[in-house]
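Put chain B on the given structure of chain A with help from the hints.
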Amino acid sequence: MGMRTAVSTSTGLAFAALQYLAAAGLVTYVAGDSAWISILVAGLLALLAWGYFGELNGMFPTAAAIRRYMAHAMDDRVALSITFTYLSTIVLVVAADAFVVGAALTHVLHLPAGVTVLWILALLGVAVLSNLRGIKVAGWVQDIATVVVLSATLVVSVVALSRSGTALHAPLQPLHHRSGADFVESVALGIFLYSAFEWVTTSAEEVRDPKHIHRAMFIAVCILFVVCAVMTTAMSHLLDHQQLVSAYPQLYLGQRAFGGAGLWLMAGITAVTAVNTFNGGFITASRFIYATAREGSLPPLLARLNDRAVPWVPVVGLGGASFLVAVAVEAVGGSSWEVLVAMGAALEAMIYAVAAYCVLRLRGRLPAQHRPFRVPLVRVLAVAGLVIFGGLGLVASVSVSNRFNPLPLVVIVVIGAGSVLYTVRQVPKLQAAEAARRAATPRRRPARPTGAPPPGDPPGTTVP
Amino acid sequence: MATAGEIAEAYADWQTRCNDNRRLAKMLRNWDRVVHLVASDTGDGFTVSVAGAVLADLETGLVGQPDLVVTATSEDFADLFWGDLNPSEKYVSGEIVLAGSSEDVMRLDAMSMVVFLDQ
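First to last, the sequence lines map onto chains A and B. Quick note on numbering: the first sequence equals residues 1 to 464 in this note's numbering. Quick note on numbering: the second sequence equals residues 1 to 119 in this note's numbering.
FYI, nobody ran anything at the bench for these hints, they're computed from the structure. A hint or two may mislead.
Claimed, not checked - In silico BS3-like links for lysine-lysine, alpha-carbon gap of 30 Å or less:
| id | chain 1 | residue 1 | chain 2 | residue 2 |
| --- | --- | --- | --- | --- |
| 1 | B | Lys26 | A | Lys136 |
| 2 | B | Lys90 | A | Lys429 |
| 3 | B | Lys90 | A | Lys211 |
| 4 | A | Lys136 | A | Lys211 |
| 5 | B | Lys90 | B | Lys26 |
| 6 | B | Lys90 | A | Lys136 |
Unchecked claim - Chain A stretches covered by chain B per the calculated footprint, using a threshold of three residues with CB under 8 Å from any CB of chain B:
| id | region |
| --- | --- |
| 7 | 58 to 67 |
| 8 | 200 to 211 |
| 9 | 298 to 307 |
| 10 | 439 to 449 |
Backbone N, C-alpha and C fix where the C-beta goes; we use that ideal spot for every residue, glycine too.
Chain A on its own, in the form it takes in the complex (with noise of 0.2 Å):
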């Protein structure tokens, strides 16, 4: 993997199709055209958390990175509760993709809205089965379909707003009738559009130069700010209540831009954000919980094989349960989507938290562990990182729409309690099974012969 491929990974798996209608959602909290300055601000700490990671994957170039600095930076159990609670994102990403696209769908094509179930279940299906055969989108397939998003978006936002006629409201005004608790809360929200840019860590062992990755996460953050900056100022300045909080509002953007055509464009566009992120999802998720299957604290079953030596348990899983969730929110309908994103916004800064607690830990407890990237200041950081990102994660756990509603928090909390409860009863009764297994089994290399010469000593000699 190269540095363009590096790049277009870590901006493609950010930027899925949720953005959109996050960055919507973030214009409601911010006066006039002023939400570009809460992106910016949350880019600023995406840097942060860049910095983070970036020392962390520094230390550990593997896909096992996570499991590794948190299992060095705190207890095990507490290190695999806070891992699968975060994979519990995975899930939400790609239900929430399946169903912005099948909402997108339906819309343009003028289709009943119980068709978008059929579009989701057909999306999940696809992204399934490909996986199931061991389909992975090449590196050059994902650069391209990454490039068409970002740029199609990039232009259809220019254009609307160059069509528009009128000079921008208060752009550098994002309290003007606001409090400052709104504007946090549009920060919070603004860290959701730069989730997932880390996950492209679980390609180190990939890439040709390490620090190709440390590079292209600074890159995509940089280009998601663009994006994402011209793209909310041309939602605030053209799209009306109604639309900024409609499934698809990505859609009305393209029908000001270009009419009808603009329409279908970003229709098509929001079905290839899908590339990138059922690619990047399954497999991550699918991966890790393989791996953490084969290494005792996950049930056996979860390791099997098919034939084309993809973990099959896994991925059916991960399929059916964003399919669950996907029809969830088609089923309660309104903007239950929003908690979706409130859910990741939370669970992202979460993470982020854990990662500036993981830095200066490890700070202490590896001290002469190479780190080709080190993050200066490191206890203001590391500390200001873990403030500030644990108190957006709470904001962000309680609004909804602007509005008080501890929904998320409650379902992150019932999913971090049932991590917790699997991790302190089940794991300690895997791994016990899994030690007896290997004791019963007889080890098969044989014994070196009693005057062996010891391995690794010179030629010729004997043991008296």
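Okay, now just chain B, sitting in the frame of chain A:
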């Protein structure tokens, strides 16, 4: 430390098991790869080639352009080929280091799992 001879002996056993396993033959279909093994403690290098779903004999030295590079101690290589070691566990703990695509890593791990755990 395991000697190069011990690693070669262990590999020969693994090779036979892999090549005799029908399920693995399906898994390795169209997976023609060159894998370099580097023993971090002895500095020995070995090359494993897979072509037509068949594992070739172990070559001493690093031959050709690798698709995957596996770095571990010589003891771990010997244990791994005898099936006495769980490579995933060693990988997660950082004792086995890999360089290559995630699909190739999966296939390599699959070989150990299928021939020893029959899963």
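Going through the hints against the structure:
no.	hint	result
1	B:Lys26 x A:Lys136	18 Å, holds
2	B:Lys90 x A:Lys429	21 Å, holds
3	B:Lys90 x A:Lys211	24 Å, holds
4	A:Lys136 x A:Lys211	24 Å, holds
5	B:Lys90 x B:Lys26	26 Å, holds
6	B:Lys90 x A:Lys136	26 Å, holds
7	58 to 67	holds (count 5)
8	200 to 211	holds (count 4)
9	298 to 307	holds (count 5)
10	439 to 449	holds (count 3)
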